[in-house]
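Chemist: Build the complex: two chains, separate frames, hints provided.
Respectively, the protein sequence lines represent chains A and B. Under the numbering used here, the first residue of the first sequence carries the number 1, and numbering increases by one thereafter. Under the numbering used here, the first residue of the second sequence carries the number 1, and numbering increases by one thereafter.
One thing to keep in mind: the hints can contain errors.
[Claimed, not checked] In silico SDA-like links for lysine to any residue, alpha-carbon gap of 20 Å or less:
hint	chain 1	residue 1	chain 2	residue 2
1	A	Lys141	B	Thr10
2	A	Lys101	B	Lys223
3	A	Lys141	B	Phe7
4	B	Lys223	A	Arg110
5	B	Lys2	A	Asn104
6	A	Lys141	B	Lys2
7	B	Lys223	B	Arg209
8	B	Lys2	A	Leu105
9	A	Lys141	B	Pro3
10	B	Lys68	B	Ala113
11	B	Lys223	A	Ser140
12	B	Lys349	B	Phe183
13	A	Lys141	B	Ala4
14	A	Lys141	B	Lys68
15	B	Lys2	A	Ser140
16	B	Lys68	B	Ala83
Don't read these hints as lab results, they were simulated from the structure. As the structure is a prediction and not an experimental result, all values here were calculated from the model.
Read off the chains here:
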Amino acid sequence: MKGTNVGIEAGTVIVLRDGLPALSTSAPSPTRKSVLNDVCIRNLTKFFGSFKAINNLSLNVKHGEIYGLLGPNGAGKTTVIKILGGLLRASLGEAYVLGSKVPNLNVVSRVGYMPQELALYRGVTVHQNIAFYGKIFGLSKRQIEAREKELLKLVELEAARDLLVDQLSGGMQHRASLACALLHQPNLLFLDEPTVGVDPDLRASFWSYFEKLRDAGVTMLITTHYMDEARHCDRIGFMREGRIIAEGSPRELLELTHTESLEDAFSTYAKSEGSQ
Amino acid sequence: MKPARLFAVTTRVLQDLRNDRRQLALIFVAPLLVITIFGVTFTGDVKDVRVVVVNGDMAAGSNSLSNKVISNFDAGVLNVVYANTEGDGVAQIQNGSASAVIVFPSHFTQSVAARAAGQTSVAQENVTIKLLADKSSPNVSNAIIAAVNSAVAQTIASQGRQPPAAVDSSNAVYGANAQFIDFFAPGIISVAVWQLTTLLTLISFVGERTSGTLLRLLSSPLKEGELVAGYAVAFGIIGTVQSAVLLAAAVILFNVTIVGDVLLAFVVIALLAVVSEGLGILLSSVARREAQAVQFLPFIILPAFLLSGVFWPIQAIPTWLRPVSYLLPTTYAVEAVRSVILRGWGLDKIYPDVVALVIFASVFLALATISLRRRA
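Next comes chain B alone, as it looks inside the complex (with noise of 0.2 Å):
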C-alpha cells in the first residue's frame, strides 16, 4: 500500500463532492431533512385530545370524587366536553368528534368511600370508572387511559389514602429526562449515514465501471486495496462530518441530551460509513447502470430502519427475526452510538459492538477488493 496513491484517490473523490452540488445536498440536506421530520411527527406527544365525560355520579359539586378526578386530567392532553348519556358520547365518537367517552357511575363518591371504610359489599361496578375509547387509534387511546389512570391515582393520594402497593420510577439509571427523541436521534443518525454512503459509492462505483475509469485505474499501478482504502477514508471523513451536522441539528432543534464523549460516537460512525462503503463497491458489481443501482435502495433502507433498533429496540423484534437483525451492521452502530450518547458509555463497555463493526468492515473491504480484481 502507498499512501500517496490511496490519497489521490481520498482527494480526488472529496473534490468531486465539493463540485456537485446535489451531491453535497443529499449528504447534508436530506438526512437533515429526515431528522427534522422525524423529530417534529415524534416527539409530537398525544395533545388536546376531545373526550366525552359522562358523570352520573350523584354527589355534586367539587367535593364529589368524580368531579376532583376531572379536575386532575391533564388539560393538555384532554379536551373535556360533557354528555347526558353514554349513548350521546358514542355518537360523538362515531362522528369522529370525540375518541373516548368517560363514565362515572350514579354512586361513585359514595361507594369509594364505602370500600374506603372497609366495606366489602360494594359492587365492583360501582367504583369502576368506564372508559370506552376509539381505539383503532392506539397512540390516541393509550394516551388518554394513561391521563385517566394518572388523575386517578393523583386524586386517591390528594385524599390522603395509600394505595396498597406502589411502584416509584421517578428515577432512571440513564436517560431521566429523555424523550423518545432522544432515543431514535442516534438511529437516524447512523443510519442515514449507512444509506448515503452505500448509495454514494454504489453510484461512483457503477460510475467507475461505465466511464472506463476503473479501466484505467486496474491497468495502472494502483492496487486495489489502495482504491477501496482510498474511498473508505474519504467516506470515513464524509461520514463523521455528516454526522456532526445531524448530531448538532438534533441538539439545536430537538433539545437531545450528549451524556457521552462525541468523538467516540464519530468514531463509530466513521467506521459504519466504512462498512457501507465495502457494501456499496460489493453492489456495483452487480449493477451495470445507475438505474439498477438505484433498486437496491429499497433493500439498503428498509432492514436498516425497521430492524437494526432505530425506533423500537431489538428486544421489540419478534425471536425469529432476531438473527437478521444481528446481521446488519447497522444494528451494532445504532447501539453503540445510543449508549454514547445517551448512557455515557465509553469504549469498554461498548467494545463488543465496535469489534462487530470491526469483523464487517475488514470482511467488507476484502470482499470489495476481491470483487475489483482486475484479469477476469
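The following block holds chain A by itself, in its conformation from the complex (with noise of 0.2 Å):
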C-alpha cells in the first residue's frame, strides 16, 4: 500500500491552490503538498436532459481535510461526487481527482466511496461483504485479514462479523458500509451523506471517526444535509440549484453573516441569492 500521502509522483499533472492544473517536473516538496488540492472542479456543468443538476461550479478540497458540501435535498451535491467517483460524465468542465481528471480508472483504487445508498450485499455476512470488496480492490488475503481486524473494531462491529447484513439493525449496516468504504486505506473519501438514518449517537461517533481518520492524513469530501453536522469539517460549500452559494470555515461563514447557527448562515446565503 502507498502511504496516506497524495502520492504525486514527478512528471504527472498536480493541482495548485488556485484550482489550474500544471505540470510538475520535480517530486513534490513538502512545503508544496501543503497546497495541494486532492479534488479540483473547474467550472463543472451537467445536464440531466434539459434539467442542469450542476450549475457552473468551481470547488477545491486541499490535501488533508474535511470538506462538507451542505445543500437541501436536490441541490446536485451526489451528482458532484458521482462525477468525482467517475460514475457519471461531465457535460462541461472538467474535475481532478488526485490530480488525474475523472473519469480515470488509475485513482479508484486510491478514491473510497461511500454511496447513499447502504452499498452491501444484504444476503452475505459482514465478513463477505468486506472480503469481497477487498479481493475487488486487490487486496491479499493477509491484508484483508489485517484490515477487517482493524476496520471492525473502529465501527464497533467485531461481534457482528459473521452475521448477514439484513440481520443486522439500521445502523450497524451504515457502520459496515463505512467499513467496506475504508478498506482499501484510500487517501481521499467521498462520503456521500454518511449520517443520514444514522442515531445522534453513532452520528457522533462517525464524526470522530473522520477527524481521526484525517489526523491520519485521509481527505474527505462529505456531503450532508444536516447543517448542525458540518461544524465539523474545516470547510463547507453551501450549495442550492447545482451552485456554491458560499464557501469557508463553519466560522468564517458564521461570522460574516452574523448568525448563530450553519442553518441560519445558509438561509442568510440562499435569501441573498434570490433577491439577486
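Modeler: Here it is in C-alpha cells:
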C-alpha cells in the first residue's frame, strides 16, 4: 500500500491551490504538498436532459481536510460526488481527483466511496462483504484479514462479523458500509450523506472517526443536509441549485453572516441569492 | 480481465445463493415440480375410455367378425358397454357418460367375407364400422380411433388375409422406445434453466442498481466485463447443477432414456445459462424496481415454452412464426440437448446449435457490459 500522502509522482499533473492544473517535473516538496488540492473542480456543469443539475461549479478540496458539501435535497451534492467518483461524466468543465482528470480508472484504487445507499450485499455476512470488496480492490488475503480486524474494531462490529447484513440494525449496516469504504486505505474519501438515518450517538461517533482519519492524513469530501453536523468540517461549501453559494470555514461563515447557526447562515446566503 | 476480481464476483453470487433458502428452492424445487407435473400429465396416455358398441352384426357368437374386432380392442384404452341402437349410444355421449359410439352394420361379417372373396357388388356401408366420437376432446377421440383401427387391422391379419399395402414402422433410427416425456424432458430442462437464470440475474442486477453496490463497484478497479463474466461463471455453474438435478429426476421418476453424452448436454445448458445471464443484466437496465422486473416474466417464459420446440417441434409451428423461433436462443439449446440425450449426437453434429448459442452469448454479454458502463 502507498502511504497516506497524495502520492503524486514526478511528471504527473498536479493541481495547485488556484485550481488550475499545472505540470510538475519535480518531486513534490513538503511545502508544496500543503497547497495541493486532492479535488479540483473547474466550471463544472451537468445536464440531465434539459435539467441543469450542476451549474458552473468550481471547488477545491485541500489535501488533509474535511470539506463539507451542504445543501438541501436536490441541490446537486450527489451528482458532484458521482462525477468525482467517475460514475457520471461532466457535461461541461472538468474535475481532477488526486491530480488526474476524472473519469480515470487509475485513481479509483486510492479513492474510497460510500454511496448514499447502503451498498452492501444483504444476503451475505459482514465478513463476506468485506472479503468481496477487499478482493475487488486487489488486497491479499492477509491484508483483508488485517484490515477487517482493524475496521470492525473501529466501527464496533466485531461481534457482528458473521451475521448477515440483513440481520443487522440500520445503524450497524451503516457502520459496515463505512468499513467497506475504508478497506483499501484510500487517500481520499467521498462520503455521500454518511449519516442519513443514523441515530445521534452513532453520528457523533462517525464524526469522531472522520476526524481521526483526517488526522491520519485522509482527505474527505462529505455531503450532508444536516446543517449542525457541518461544524465538524474544516471547510464548508453551501450548495443550492447546482451552485456553491458560499464557501469558508464554519466560523468564517457564521461571522460573515452574523448568525448563530449554520442553518441560519445558509438561509442568509440563500435569501441573498434569491434576491439577486 | 483479472481472474481474482472475476472469481470474487462468482464467489459472492454463490455465497448469496447459499444463504438464501427461498432462492435455492426457486432454483431446484420449482423446476422439479414443473417436470413432475408435466411428466405426470403428459405421460398419462388416454386410458379407460367408455365407448358404446352397437353391434348390429347378424352373425352371432365368437365367430362373428364384429366380436373378433371387439375382442381385439385394447382393454386398457377402451371400456366397452353395449347399446341396442345408435340413438341410445349417442344419448350416452350427450349425457357425458361415454366418449364414442361404435356401430357395426347388420351384414358386417357376411359382407366382409364376400368382399374378401372378390365380390365387387358389396356395398361400402356394409363393411364400414361407423365411429361417432366426441371430437371436442381430440386427445381422447384420437386414442379411440387409433384403438379401433388397430383392432380392425389385427383382426384382418389374424384371418390370414394380407392387406393390399402395408407400412412397417416398428424399427427406428433414433428413440426406438421414446415416450412423449423423452421428447419434452430435454426441452423442459433447457427452458427451466433459461427462465430461472434470466429471472435471477434480472433481480440480482436490479438489486445491484438500487442498493448502491453497483455504484461502489463501478467506482472501484473492477471492470464491467469482470462483473459480467463473474456472474456468467456463477450462473453457468448454477445452470449445470440445476440441469443435473432435473435430468436425474427425469431418469428416476419417468425413466427417461439417455443415449448420448450427458456432459455435452450440460455444456450446452451452461452456455444457455450464460446467454440468459446477459439477457437478465440487459433487462435490469430497463427495470427500476423488482416489481417492474417481474413484469418481464411472461415475455421470458411464454415464447421460450411455446416457440422453441419444447412440446412440439419447430416443424409444427406455422411457417410465418418460425423466424421468431429462430430468434430464441432456447430453440438451439432445446434442439441440441434433445439431440444429445435422445439421439446420442456428438459435438460434430450439434455444432451449428452450439455456434448459434456462442453467438447469442457473445452478443448478449457484450451488450450487458455496455449497459453497465459507468459515466453516463
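Chemist: Any hints from earlier that this structure breaks? Give me their numbers in increasing order, please.
Modeler: Hint 14 is the one this structure does not satisfy, whereas the remaining hints hold.
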